[in-house]
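Below, each chain spelled out in residue letters.
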Amino acid sequence: MPPIIVKLENISKNFGKKQILKDINLEIQKGEIYGIIGMSGSGKSTLLSLMADLLKPDKGRISYQIEPNQFWDLSEHSNKIKKLFGYSFQSPSFHSMLTVQENVEHFSTLYDLPKKFGKKNADILLKLVELDDAKNVLSKNLSGGMQKRLCFACALVHSPRILFLDEPTANLDPVLRKQTWEILKKINAQGTTIVIASQLLTELDDFCDSICIINKGKVVKEGPVGKVKKEYSEGVEIHLKSIPGNYKKIISDLRKLKTKINRLDYGEDELVVYAKKGEIALHKMIHLIEKNKEEIVYINLEQPPLKEVFSSLIGK
Amino acid sequence: MKKLIELIKKNFKLLIRSKFSALIILIGPILIMLLAGLAFSNTNQYSISITTFSEDYNELTNSYIDNLEENSFSVFQSDSHENCINSVKEGKFHVCIVFPKNFEIGTSNKNQIDFYVDYSKINIVYVVIESVTSQISESTSAISVNLTTNILSQIESTESALKGKGELIANLIEKNSEIDTSLDVIKTELNEVDLSYDSNNFKITSLSSYSSQLRGAVSDMYDETDDFVSEVSDTLIDIGADVNNLTISPSEKNNIINQLEDINELLTLLDNSTSQIYNENQNQSSNLVTIINEIDDSLEDIESQLGSASSARTGVLSKIATAKQKISTSRVSLLDLQGTINTINQGILSVSLRDAEDIVNPTEVKINPVASEKTHLNYFFPSLLTLVIMFVSIILASNLVMMEKTSTAHMRNHITPTRNIIFLLSNYFTCLFIMLFQIIILLVISILLFKVSIDPFSSQFFILAVLALIISTVFIFFGMGIGYLFKSRETSTLGAVSFSTIFFILSDVIVPIESIPPDLLFLTNLNPFMISTQLFRQAILFGKDLTSLGPNIYYILIYLVIFLGLTLTSLIRFRKRHVRDKLSKNRKFFFFF
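Protein chains in written order, with the numbering used here: chain A, 1 to 316; chain B, 317 to 909.
Misleading hints may appear alongside valid ones.
To be verified - Here are the simulated PhoX-like cross-link-like pairs (lysine-lysine), alpha carbons at most 20 Å apart as the crow flies:
(1) A:Lys140 with A:Lys30
(2) A:Lys241 with A:Lys291
(3) A:Lys260 with A:Lys284
(4) A:Lys119 with B:Lys319
(5) B:Lys892 with A:Lys59
(6) A:Lys80 with A:Lys7
(7) A:Lys17 with B:Lys892
(8) B:Lys892 with A:Lys18
(9) A:Lys56 with B:Lys892
(10) A:Lys116 with B:Lys335
(11) A:Lys256 with A:Lys276
(12) A:Lys22 with A:Lys218
(13) A:Lys7 with A:Lys56
(14) A:Lys140 with B:Lys335
(15) B:Lys318 with A:Lys119
(16) A:Lys119 with B:Lys329
(17) B:Lys318 with A:Lys116
(18) A:Lys83 with A:Lys59
(19) A:Lys80 with B:Lys318
(20) B:Lys329 with A:Lys115
(21) A:Lys284 with A:Lys256
(22) B:Lys325 with A:Lys135
(23) A:Lys115 with B:Lys319
(24) B:Lys479 with B:Lys491
(25) A:Lys140 with B:Lys721
(26) A:Lys229 with A:Lys277
(27) B:Lys503 with B:Lys642
(28) B:Lys319 with A:Lys80
Said to hold, decoys possible - Stretch by stretch, here's where chain A covers chain B in the computed footprint (C-beta under 8 Å, at least three residues):
(29) 328-335
(30) 729-743
It should be emphasised that the hints constitute simulated quantities derived from the structure, not laboratory data.
Just so you know, even glycine gets a beta-carbon here, dropped at the ideal spot from N, CA and C.
Could you put together the complete structure from these sequences and hints?
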């Protein structure tokens, strides 16, 4: 098991009389992509801010592993620990009147990196985030996706061990989202632990290794994604693609068969059926496909999506 | 250090990339200095225009007007009192002067000259009043000199007259004393005069009696003499007869007879004499009686006269007493008059000043500038320099801080291992370099173009540089404090301008601070703008060094510490709440801005 890199112990935080977080206990392992899920106002960004020393907890302790088996308290070694993590904010966080390169070099200096190294590192980073063609463009003139990537670059100037991301794909179209995740995967592949706070459950479902579900300031569930899904979801998701793809008929027939379906979704490409008793539902569907003379392109059984887990946990 | 330099460079890049900001930073001080220099780089007196009105322009009125025109005032005559005043209200003229009707010296008219000025023009009204009234006073002075000359000549005449009269009065007093003494003497003498009358003292009765007795005695004596003579004659006859009977010689007889005849002649003579005497005596006795009667009458008259004289004396004594009283009174009056004349004389003598010019203008006022005479710009330069430093520093610093606060990179700055003080110092040094750049431009233009009296190669320049650094720092920290305290750019700018304006108003640039109520005067002494202007004035105009700038240098250093503390406190508070503000859905205002 990879070592723990960040530990949160009994973290509580209030804003005035309103309690935002209460008794949060988390452990984030090195090299994983850790997702923090919650509804709006649940405290995700606050939790990230506490981990990044943007806020001070009212109670509890946050510690980072500097050396093996040696954890340093964030409140006592703030400036040293800040060199270990990078942060990408939800909104653009760079100097809009500086160019892309200038921004990266500027923040390199603020992280005490030598100038020459900063320049060299900037070139590498910009290439990584695919902004090398736009290095002399004023940041305010970048598109939304490019601005996001610049944020990543600024967060990575000092080669942090941990990267905190607050809603990294918010307001991005699907293409850009996909690009963003590809970059993040590249970053993670280099050994950087990534902690993401997001409401986009499908993305977190696809990319996170571990998740933490927060509701009303408390951790409802925390752990590896598969384990959480297994523990808290019932049934399976059946993904079917067939030709000619008369999914409406199949659905109607399934209902006639009084098949217990929790949810279904279909489009031109596939039919997705979520059923508690997945095997029975699968059996019936195969029968109906054969009956309707459909040709199966693929049929997959998957664990239910994270949003199902989320809904069930939050609903409870 | 590296971080600080990088942050400063970043600030300059951000400022310069806003073209308008760059333009203002460069052009601003040039523009200020050029305008101020062109406007005030001269020693001209204020060009004051005057309008006048009088119902009748006589010689005296025209003399005033001529005097004003001779002293470079523009004078126009208004056609009515109302128009005269309105032209001041409309700003066409600085002052309206209304001369009274029948404006003449020496008449019973009240010769009041009315001035109408616009006090809303605070910065010039007092100069206008002072300039115009000084010219009017000059004309009035000339008239006063003439009148005073007349008065002095009258005083001299009076002095001469009084001198003569003084002697006269002294004489009168002396005479008065003499009269008094004489009266006393008269009184004494009168009192001594014995007017008592006792007729018995004259013994007229006795005299009459004696006269009668004498007449009787004389008569008796005559009778007896006559009898004697008769007897003697008879005897002689007898004798003669006897002689013949004597036995003596004839010669002897003859002798005897001759002697008897002689005796008889003598007796006859005696008898004649006695008769004559008796007759004379009778006459004289009659006369004596008459005389005695006359004397008696006269004595009666005298008695009566003495009585009258006594009464008269009494009256005279009474009148003498009255006269003495009056003389005493007149003496008192004369003494008083003498005293008054002496007092007047002394008063006149005590007037040592006999020159009309000296009386009307007893003191000569000479205005000496404490610094050598220079252009208006030289005198205004300390205030102008402080004004530029204050406004630019406060507004620039607050805007720089606001720029940082509202920057999209602000949150990222939080998470870098960079201490707050570095960000603070970067803003400070950015402002300071810009400020010093502007000051250098100001000084270069002032010295080269407008000949402001600052020697760039002297110790004065070094002191000026030190002061500029300290004062810029004070206002920069103040501006930064405002930037951290206020929430939005608009309120921050408003706050910066408001505070700058307050400092500007509570100074002596617009209105003399002496016109501020004493209770508020201490505020002006605490005003950093005033303190800074004083420091520059001391250094630039009077060439003082740092050690002799007085307590103001300590006050400004105290302000530096206070504003630095304010800025640091505001920064720490801001940093603590900024992230919370960004994250908190229910944003609450923790400041009232």
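Status of the hints after comparison with the structure:
Restraint check: the Cα-Cα separation between Lys140 of chain A and Lys30 of chain A comes to about 35 Å, which exceeds 20 Å; the hinted pair is violated. For a cut-off of 20 Å, the pair hint linking Lys241 of chain A to Lys291 of chain A stands: about 16 Å separates their Cα positions. Taking the CA atoms of Lys260 of chain A and Lys284 of chain A, the gap is near 11 Å; set against the 20 Å cutoff, the hint holds. For the hint pairing Lys119 of chain A with Lys319 of chain B, the CA-to-CA distance comes to about 15 Å; that is within 20 Å, so the pair holds.
Distance hint between Lys892 of chain B and Lys59 of chain A is fulfilled; the C-alpha atoms sit about 16 Å from each other, no more than 20 Å. Distance restraint check for Lys80 of chain A and Lys7 of chain A: the Cα-Cα separation of roughly 16 Å lies within the 20 Å cut-off, and the hinted pair is therefore satisfied. Taken as a hint, the Lys17 of chain A and Lys892 of chain B pair is honoured in the structure, with Cα atoms around 17 Å apart against an allowance of 20 Å. The hinted pair formed by Lys892 of chain B and Lys18 of chain A meets the criterion: a straight-line CA distance of about 17 Å does not exceed 20 Å.
A hinted pair counts as satisfied when its Cα atoms are at most 20 Å apart, and Lys56 of chain A with Lys892 of chain B qualifies at roughly 9 Å. Annotation: proposed proximity of Lys116 of chain A to Lys335 of chain B is violated, straight-line Cα distance about 30 Å (limit 20 Å). For a cut-off of 20 Å, the pair hint linking Lys256 of chain A to Lys276 of chain A stands: about 17 Å separates their Cα positions. Between the alpha carbons of Lys22 of chain A and Lys218 of chain A the distance comes to roughly 6 Å, so the proposed pair stays at or under 20 Å and holds.
A C-alpha spacing of about 15 Å is found between Lys7 of chain A and Lys56 of chain A, which places the hinted pair at or below 20 Å, so the restraint holds. Between Lys140 of chain A and Lys335 of chain B, the direct Cα distance comes to roughly 16 Å. Compliance with the 20 Å bound is thereby established for this hinted pair. At most 20 Å may separate the alpha-carbon atoms for a hinted pair to count; Lys318 of chain B and Lys119 of chain A meet this at roughly 15 Å. The straight-line distance between the Cα atoms of Lys119 of chain A and Lys329 of chain B is roughly 18 Å, inside the 20 Å bound, and the hint therefore holds.
With a CA separation close to 13 Å, the supplied pair Lys318 of chain B and Lys116 of chain A stays within the 20 Å bound. Taking the CA atoms of Lys83 of chain A and Lys59 of chain A, the gap is near 24 Å; set against the 20 Å cutoff, the hint is violated. Between the alpha carbons of Lys80 of chain A and Lys318 of chain B the distance comes to roughly 17 Å, so the proposed pair stays at or under 20 Å and holds. Distance restraint check for Lys329 of chain B and Lys115 of chain A: the Cα-Cα separation of roughly 18 Å lies within the 20 Å cut-off, and the hinted pair is therefore satisfied.
With a C-alpha separation of about 11 Å, the suggested pairing of Lys284 of chain A with Lys256 of chain A holds against the 20 Å cut-off. About 19 Å separates the Cα atoms of Lys325 of chain B and Lys135 of chain A, which keeps this hinted pair within 20 Å; it holds. For the suggested pair Lys115 of chain A and Lys319 of chain B, the alpha carbons sit about 11 Å apart, so the restraint of at most 20 Å is met. Straight-line distance between C-alpha atoms of Lys479 of chain B and Lys491 of chain B comes to about 18 Å, which keeps the hinted pair within the 20 Å bound.
Taking the CA atoms of Lys140 of chain A and Lys721 of chain B, the gap is near 17 Å; set against the 20 Å cutoff, the hint holds. Distance check on the hinted pair: Lys229 of chain A and Lys277 of chain A sit about 16 Å apart at the alpha-carbon level, within 20 Å; holds. Between Lys503 of chain B and Lys642 of chain B, the direct Cα distance comes to roughly 15 Å. Compliance with the 20 Å bound is thereby established for this hinted pair. For a cut-off of 20 Å, the pair hint linking Lys319 of chain B to Lys80 of chain A stands: about 16 Å separates their Cα positions.
Taking a C-beta to C-beta cut-off of 8 Å, the stretch 328-335 of chain B contributes 4 residues in contact with chain A, enough for the three needed, and the coverage statement holds. Counting residues of the stretch 729-743 of chain B whose beta-carbon sits less than 8 Å from any beta-carbon of chain A gives 7, enough to reach three: the coverage restraint holds.
Hints 1, 10, 18 from the earlier list are contradicted by this structure; the remaining hints agree with it.
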